[in-house]
Amino acid sequence: MAIDKETVKKIAFLSHLKIDDDKIEETEDEFNKILNWVEQLSEVNTDGVEPLVSVNDTNLTLRQDVVTEGNQADAVLKNAPQAQYGYFTVPKVVE
Amino acid sequence: MTGMIIEGKTASWEVICGVEIHCQIISKSKIFSGASTHYGSDTNENVSFVDAGMPGMLPTLNEHCVYQAVKTGLGLNAKINKYSAFARKNYFYADLPQGYQITQFQYPIVGEGHVTIDLADGSTKDIGIERLHIEQDAAKSIHDMAPDKSFIDLNRAGVGLMEIVTKPDFRAPEEVGAFLRKLRSILRYLGTCDGNMDEGSMRCDVNVSVRKVGEEGYRTRCEMKNVNSVKFVMQAIENEAKRHVEVYESGGKIEQETRKFDASTGLTKPMRKKEYAHDYRYFPEPDLLPLVLDDDYIAKVKTDMVELPDAKRARFVKELGLTAYDAAVICENKETADFFEKAALGHDAKKVANWLMGDFFAMLNEKKLELKDSPITAENLGKLVELVTSNVINGKTAKDVFVIMAETGGDPEKIVEEKGLKQVTDTGAIEAIVDEVIASAPDNVAAYKAGKSNLLGWFVGQVMKKSQGKANPAIVNKMIAEKLK
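The listed protein sequences derive, respectively, from chains A and B. Read in order, the letters of the first sequence are residues 0 to 94 in numbering that gives the first Met the number 0. Read in order, the letters of the second sequence are residues 0 to 484 in numbering that gives the first Met the number 0.
By construction, these hints were calculated from the structure, which means they are not laboratory data. There could be a bad hint or two in this list.
[Unchecked claim] Straight line, CA to CA, 30 Å or less: simulated BS3-like cross-link-like pairs of lysine-lysine:
no., chain 1, residue 1, chain 2, residue 2
1, B, K350, B, K78
2, A, K91, B, K78
3, B, K350, B, K371
4, B, K224, A, K9
5, A, K4, B, K88
[Said to hold, decoys possible] Footprint (simulated), chain B over chain A, 3 or more residues, beta carbon under 8 Å:
no., stretch
6, 11–21
7, 31–45
8, 48–57
9, 61–67
Quantities reported herein were computed from a predicted structural model and do not represent experimental measurements. Backbone N, C-alpha and C define an ideal beta-carbon position, used for all residues, glycine too.
Let the sequences and hints guide you as you build the complete structure.
Here it is in structure tokens:
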């Protein structure tokens, strides 16, 4: 599997990341190095082996339906680049 | 019932439709955090650091959301999957602080099922359920508070959702309307979602395509998101289907895309291109282990199931003698059905149904009251019907008593007692009045005997008037007819 320049641009678009044109080739190269490294796994025969979801051999722990958090709007908004009237604000996103 | 057929210039086209419904799960806290789900709190007050997507925060699954999903699955006659798993659906949007939604993809908690819908002509149709999965809701965006900014409130972010996906089994807008009403009814009976489309606790995405009558397979579909009433959903389907036919017949091609429904025009317009929007790059959620349910758990949820609208309706028809229509109206919501059943207990159920659907609903409407705030209790409505069926009062008096009950909330037996409204069934007393009326109108007696038989009503009216409405009309009728023979 190989990544081409178009795929790099598409992934950048989907992730809302700005990659300058002169960095695209470098990024393409990095992607391919990572993929090639992971690709080594395909050398292992996995016929009949169920996909592994977790290395922890435990069950999912569930929470009781109880309200334990909240009333901390100030803390929640503390790192917001922009906030107003208790809301986060962002550049207008209407389709 | 046959589906909707659009007669085009070159062919007849049938409408194919499937829906995805997002239902907010009724729970106290969110699906992956301990923040409240309360609607209407101050901005950003019901937010944990998990909901805000803060680095390092870990989700923990709310057991009640699992319970609600399983219960709903059983209500949809669906297979409960003992193994399900969570996945990340990645997309970048201002209402999604994590940058991904935790949902279920390959392994949903509920598999295939079906819902039976009732159509206007009295027929029924089974609509296939493809799956139900659980996931987190996104934040709420407000776009009209400033010209250049959107405002984000995270209170809704992380509230539990059930997404119910149907098979493409609908062939007419009315079928979708019937499905939404039935689904809402089931969810409310189960207490798993309040089903308010206008408040957004139940949201409908519709997929529409068309094909020539007789054609195999499906053509390209378009999706319309968040159409927020049954009426708009039906309108959107019809108009979108017509657009497809026009495009095909003029030699064009339908692009797979998401379209926005404009309630003011009833038309749809393109929203976003699917090739980007639907590249969600799903992968298994590393922060949550798979969810494993055992048979005991599913059996336990089964014991908590309530009688659902279809079963209740069938029972009301079979055991209480209601008409199919009356039973359907009464069973649409559980509160009404429960009220009816309480009122009908030990009384003539058919008559109780008539009162409930006639004077009683009219009274609630007029007073703008919810059923739970009714001044007339179920027991008292039952008693009123009993007073009529046991001939203590006649039908006309019952209407008067009903009005007093609606004003005072009083017990009909006491009202009848206190106001002296018991009908006169003593034939001697009635006979005296009848004789008096006959004696006072020799002309009418002669005319009646000469063949003007419709004068009988006049005699009955006079007797009822003289008895102050308390004479038993059946006895009066019979007696006058006898005497004027």
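Notebook entry, point to check: Taking only the CA atoms, is the gap from K350(B) to K78(B) under or equal to 30 Å?
Noted result: violated (40 Å)
Next item on the list: Given the hint that K224(B) pairs with K9(A), test it: the Cα-Cα distance must not exceed 30 Å.
Entry: Holds: K224(B) and K9(A) sit about 24 Å apart, inside 30 Å.
Check: With a cut-off of 8 Å between beta carbons, are at least three residues of the stretch 11–21 of chain A near chain B?
Finding: Satisfied; 4 residues make the cut.
Check: Within a Cα-Cα threshold of 30 Å, do K91(A) and K78(B) meet the stated pairing?
Finding: violated (43 Å)
Next item on the list: State whether the coverage of the stretch 61–67 of chain A by chain B holds or is violated, taking the criterion as 3 or more residues with Cβ-Cβ distances under 8 Å.
Entry: Holds: 7 residues of the stretch 61–67 of chain A have a Cβ under 8 Å from chain B.
Item checked: Outcome, coverage of the stretch 48–57 of chain A by chain B - at least 3 residues whose beta-carbon is closer than 8 Å to one in that chain -> Contact hint for the stretch 48–57 of chain A vs chain B: holds, 4 residues under 8 Å.
Next item on the list: Below or equal to 30 Å on CA atoms is what counts here, so check K4(A) against K88(B).
Entry: Judged against 30 Å, a Cα distance of about 24 Å means the pair holds.
Notebook entry, point to check: Mind checking, does the stretch 31–45 of chain A have 3 or more residues with a CB under 8 Å from chain B?
Noted result: violated (count 0)
Notebook entry, point to check: Taking only the CA atoms, is the gap from K350(B) to K371(B) under or equal to 30 Å?
Noted result: Given pair K350(B), K371(B) holds - Cα atoms ~21 Å apart, limit 30 Å.
Hint compliance for this structure: hints 1, 2, 7 are not met, and every other hint is.
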